[in-house]
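Trainee: Assemble the whole structure, with the sequences as input and the hints as a guide.
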Amino acid sequence: MRVTVLPDREALDRHAAAHIRDAAEARPDLLICLASGGTPTETYALLAGEPERLARARFIQLDEWAGLGPDDAASCAAYLERTVRRPLAVPPERWIGIRGDAPDAAAECRRVAAALDKAGPIDLCILGLGLNGHLGLNEPAESFAPFCHVASLAAQSQAHPMLAGTGGAVLQGLTLGLGDILRARQVLLLVSGAAKRAPLARLAERRVTPQLPASFLWLHGDAICLCDADAAAGTGLGEADG
Numbered sequence: 000m001r002v003t004v005l006p007d008r009e010a011l012d013r014h015a016a017a018h019i020r021d022a023a024e025a026r027p028d029l030l031i032c033l034a035s036g037g038t039p040t041e042t043y044a045l046l047a048g049e050p051e052r053l054a055r056a057r058f059i060q061l062d063e064w065a066g067l068g069p070d071d072a073a074s075c076a077a078y079l080e081r082t083v084r085r086p087l088a089v090p091p092e093r094w095i096g097i098r099g100d101a102p103d104a105a106a107e108c109r110r111v112a113a114a115l116d117k118a119g120p121i122d123l124c125i126l127g128l129g130l131n132g133h134l135g136l137n138e139p140a141e142s143f144a145p146f147c148h149v150a151s152l153a154a155q156s157q158a159h160p161m162l163a164g165t166g167g168a169v170l171q172g173l174t175l176g177l178g179d180i181l182r183a184r185q186v187l188l189l190v191s192g193a194a195k196r197a198p199l200a201r202l203a204e205r206r207v208t209p210q211l212p213a214s215f216l217w218l219h220g221d222a223i224c225l226c227d228a229d230a231a232a233g234t235g236l237g238e239a240d241g
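Counting from 1, position 170 in the sequence shown corresponds to residue 169 in numbering that gives the first Met the number 0; the numbering is continuous, with no gaps.
Just so you know, the hints here were simulated from the structure itself, not pulled from any lab data. Just so we're clear, the structure is a prediction, and the values are computed from it rather than from any experiment. Note that CB positions come from ideal geometry on N, CA and C, so glycine has one too. Check each hint, because a few of them may be wrong.
Computed Cβ-Cβ distance ranges for the label pairs, DEER-style [stated by the list, open to error]: (1) Arg1 with Ser151: 30 to 36 Å; (2) Val207 with Ala72: 34 to 40 Å; (3) Arg26 with Gly164: 33 to 39 Å; (4) Arg205 with Ala168: 31 to 37 Å; (5) Ala17 with Gln155: 27 to 33 Å; (6) Gly68 with Ala17: 18 to 24 Å.
Mentor: Below is the structure:
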């Protein structure tokens, strides 16, 4: 994994957006996996400013909160609708979503896995770093389901800011697996802010452990980590790592 530390959040967002645009220029119909949450929001906003650059790109949703449908404002689907799908006018044939409110969550995971098998592999997988080191909703565990599956959420994930207004506990999620992520042609991990300093410091140890799912990215042949100076402070990561 190649690590680049940017001076601030704005520089990170611009660097990430430029990288995604360059990837789309090289492969116009590339399949992009989309993370949700606060970290990629401004990167997505920059992409929305030039929708023609991603006019042929295809997209797949990384994960979803179990029980939340696309009309729920707290869902990952609603977030991606606001930040990516609507601004880029992505039609259904170029979009693979995950229904968190599907009556049979396991069957929904099988549907997504089949769609990815047909459309994939992922060309560019955009990820954020969880506070406990998770990727998607692949939480620290003794073992992992490799492909799209129903995951039990760790306590930190249950307290995610996206879920603040749901009015009830969300205990599970649907997520692409680490096998799907590691099969991606390229991974782009975005890490921003002092709150992510602790998991980034653990990642900087370059020790692969199931207790830090993000550490498996050290095994990927083309993984890039972009982090800002706030996140990198005290971690030992710097420009020399890029």
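Trainee: Could you check the hint for me, namely that Arg205 and Ala168 are 31 to 37 Å apart, CB to CB?
Mentor: The hint (31 to 37 Å, Cβ to Cβ) holds, given that Arg205 and Ala168 are roughly 36 Å apart.
Trainee: Within 33 to 39 Å or not, the Cβ separation of Arg26 and Gly164?
Mentor: Since Arg26 and Gly164 have Cβ atoms about 38 Å apart, the given range 33 to 39 Å holds.
Trainee: Confirm or reject the claim that Arg1 and Ser151 have a C-beta distance inside 30 to 36 Å.
Mentor: About 32 Å separates the Cβ atoms of Arg1 and Ser151, which means 30 to 36 Å holds.
Trainee: Take the C-beta atom of Gly68 and the C-beta atom of Ala17, compute their distance, and say whether it sits inside 18 to 24 Å.
Mentor: Roughly 34 Å apart at Cβ, these two residues miss the hinted range, so it is violated.
Trainee: Between Val207 and Ala72, is the Cβ distance one that fits in 34 to 40 Å?
Mentor: Given about 37 Å between the Cβ atoms, the range holds.
Trainee: Just tell me: holds or violated, for the beta carbon distance of Ala17 and Gln155 against 27 to 33 Å?
Mentor: The hint (27 to 33 Å, Cβ to Cβ) holds, given that Ala17 and Gln155 are roughly 31 Å apart.
The structure does not agree with numbered hint 6 stated previously, though it agrees with all others.
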